[in-house]
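Asker: In case you want the letters, here they are:
Number of protein chains: 2
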Amino acid sequence: MNINKPTLIIDKKKVCDNIKRMQSKLNASETVFRPHFKTHQLPEIGSLFRNYGIDKITVSSVSMAKMFANAGWNDITIAFPVNIREIDDINSLTENIKINLLVESIESLDFLSRHLINPVGIFIKIDTGYNRTGLVHDDPVIEKIVDYCSKCRQLSLHGFLTHAGHTYSAKGSAEILKIMETCKNILKDLKQKFIIDFPDISISYGDTPSCQIADDFKDLDEIRPGNFVYNDVMQYHIGSCSLDDIAVTVACPVVAKHLSRNEMVIYGGAVHLSKDRITADNDFNLYGYVVSYNDGGWSNPIPGAYLTSISQEHGVIKLPDSYIEEIAIGDIIGILPIHSCLTSNLLLNSYKIINQ
Amino acid sequence: MNINKPTLIIDKKKVCDNIKRMQSKLNASETVFRPHFKTHQLPEIGSLFRNYGIDKITVSSVSMAKMFANAGWNDITIAFPVNIREIDDINSLTENIKINLLVESIESLDFLSRHLINPVGIFIKIDTGYNRTGLVHDDPVIEKIVDYCSKCRQLSLHGFLTHAGHTYSAKGSAEILKIMETCKNILKDLKQKFIIDFPDISISYGDTPSCQIADDFKDLDEIRPGNFVYNDVMQYHIGSCSLDDIAVTVACPVVAKHLSRNEMVIYGGAVHLSKDRITADNDFNLYGYVVSYNDGGWSNPIPGAYLTSISQEHGVIKLPDSYIEEIAIGDIIGILPIHSCLTSNLLLNSYKIINQ
Chain A
1 MNINKPTLII DKKKVCDNIK RMQSKLNASE TVFRPHFKTH QLPEIGSLFR
51 NYGIDKITVS SVSMAKMFAN AGWNDITIAF PVNIREIDDI NSLTENIKIN
101 LLVESIESLD FLSRHLINPV GIFIKIDTGY NRTGLVHDDP VIEKIVDYCS
151 KCRQLSLHGF LTHAGHTYSA KGSAEILKIM ETCKNILKDL KQKFIIDFPD
201 ISISYGDTPS CQIADDFKDL DEIRPGNFVY NDVMQYHIGS CSLDDIAVTV
251 ACPVVAKHLS RNEMVIYGGA VHLSKDRITA DNDFNLYGYV VSYNDGGWSN
301 PIPGAYLTSI SQEHGVIKLP DSYIEEIAIG DIIGILPIHS CLTSNLLLNS
351 YKIINQ
Chain B
1 MNINKPTLII DKKKVCDNIK RMQSKLNASE TVFRPHFKTH QLPEIGSLFR
51 NYGIDKITVS SVSMAKMFAN AGWNDITIAF PVNIREIDDI NSLTENIKIN
101 LLVESIESLD FLSRHLINPV GIFIKIDTGY NRTGLVHDDP VIEKIVDYCS
151 KCRQLSLHGF LTHAGHTYSA KGSAEILKIM ETCKNILKDL KQKFIIDFPD
201 ISISYGDTPS CQIADDFKDL DEIRPGNFVY NDVMQYHIGS CSLDDIAVTV
251 ACPVVAKHLS RNEMVIYGGA VHLSKDRITA DNDFNLYGYV VSYNDGGWSN
301 PIPGAYLTSI SQEHGVIKLP DSYIEEIAIG DIIGILPIHS CLTSNLLLNS
351 YKIINQ
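As you go down the protein sequences, you meet chains A and B in turn.
Note that our numbering has the first sequence beginning at 1, numbered continuously upward.
Note that our numbering has the second sequence beginning at 1, numbered continuously upward.
Be careful, since some hints might not be right.
Intra- or inter-copy, both count: the list cannot distinguish identical chains.
Stated by the list, open to error - Quick list of in silico lysine-lysine cross-link-like pairs, DSS-like style, CA-CA up to 27 angstroms:
#1 Lys56 - Lys5
#2 Lys66 - Lys352
#3 Lys66 - Lys5
#4 Lys191 - Lys151
#5 Lys188 - Lys56
#6 Lys5 - Lys98
#7 Lys98 - Lys20
#8 Lys178 - Lys98
#9 Lys188 - Lys66
No lab work stands behind these hints: they were computed from the structure.
Could you put together the complete structure from these sequences and hints?
Answerer: Next comes the structure, spelled out in structure tokens:
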């Protein structure tokens, strides 16, 4: 395989294993698996999910919904507070497929009721502790939205949805599962409150760390993890995947070596990997683990080798003596990304799928 | 102007003022202005430079060189340690235009001498204190490279090049000018050392902070600032531009408001703005200043309003009471980016030029 510039290498076997593992945990329950496709954004990776019976998906923008609708997906939740400025595209989408929107204000709902041409599903976005967006469980606006939906033909209330993004800063599995339990209970209580009038109402739960760690989903009607399909150093750091579960690496050419300070420079920077990082007290910044790369795959991280700084196109790697001498300018090394969603977004025009 | 999603707004008048200001500082000297085009990466912004007599440019990748060669530029320095894996593209480029490459090892030079079809200009990359890449001034490899070039028909020694990236972490104008002086002296000494054998040898100096602050370039044969064309919050923070000199803002739709915590959520996240930020001791992260936006331009930053966190598509803004009440869901607000190079790279397919 001829790699000349930073290229996202996607290991199809690992991707399939990651999908299968998540799907198999749901066999015991009725829980719907509606994976988030924002991590890969690629129709050909999306199509792998079909082999596991998945026919409902999540995306994070109207643009992404259009792209996957064109790729044949016909039941899509746009898991982002509805952007009313994209109403024309939303109306085009709903001509042909089922779309669910997230709502958390009467202002948005008012706009939708006046401008929607076709029916949409409405999820009320609930803030279960992440504090990014959504309504808290006892906000009186929730009842108003429920009431509003019941009176408007185009607005079909689907239920309550949360993203437990605070699992990313939790300390260990027990704390992650505790967050999940709290979120689940908030959603269950809301469902209980409205189920008499809306017997089809459902609750939808997101985030990869808890969905990877948990085994019991039976009280959730739906889960929407996304990152698990690729995983990354952040998930490994949290403890929600093993190194072997990381399904992507960025293959980068070596362009310079600095033996006196045990560093080498790669063609691979912020425009390929993103600036997401893991920091430690001692001014240590980790922008990715370094692996040996060959056409069939990659090694475990090389002990003592780190991507320690990046600028627009340059990446600087610290390396142990034993390794730097083996590397030649023009060699390809691999970087396991800190945050695969942002990295894959930057390399949508530069990727290769291996182990097909 | 109909803006539906995060869009880079480029103020043509400010861009032209920024180019003119830099160009006018060079009138008194013989210094060549070879602007770095990695900041904008857009042929239509590039073409504005022609009005100021600029016909030589800098880019940071072979891909970018190809793009600007297609747009008619015929004298391009690829200011990145030569990536020998792209030799085929380099050979295609040099069929028609003049290309300068950066070299800092005999390994790369060996490869070039064996595979280059047409002549190229060679700049030796000098590390003048930034410690990212390049050779230090007394590295014996410099002499070997000079010697090698003199013996190889395809390798035409152009001189010594540095990027003073450490000006970005300098404290104030005096320190920035001091760094510039040090770098200049290192380059001048190198030139002096080799000029008898290479009378056309030149020295090339980069980075926006010092080129914006300095007035005297007479000892430099060439400067290569890039960011100055747009500027950003980082340049303002360093003190190398005024707020009025920032020529880009990202127009973003408001999608949610959280009055209880004085926050609103915009459609505008890490995939639009990048994760570059300015941090302060008290866990304060600044991902961009907030401005009022209208079709003709934007305001100064709103006091007390900050983009404080971003995820893939969401941006969370802290706002003062007085302002949050004026904003409605669906309104457009502007974000002055922290690092315009990374932001514009993410919005190459979503930009509008105003004040044309």
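Asker: May I ask which of the numbered hints given earlier this structure violates, with the numbers listed in increasing order?
Answerer: Of the numbered hints, 8 and 9 do not hold.
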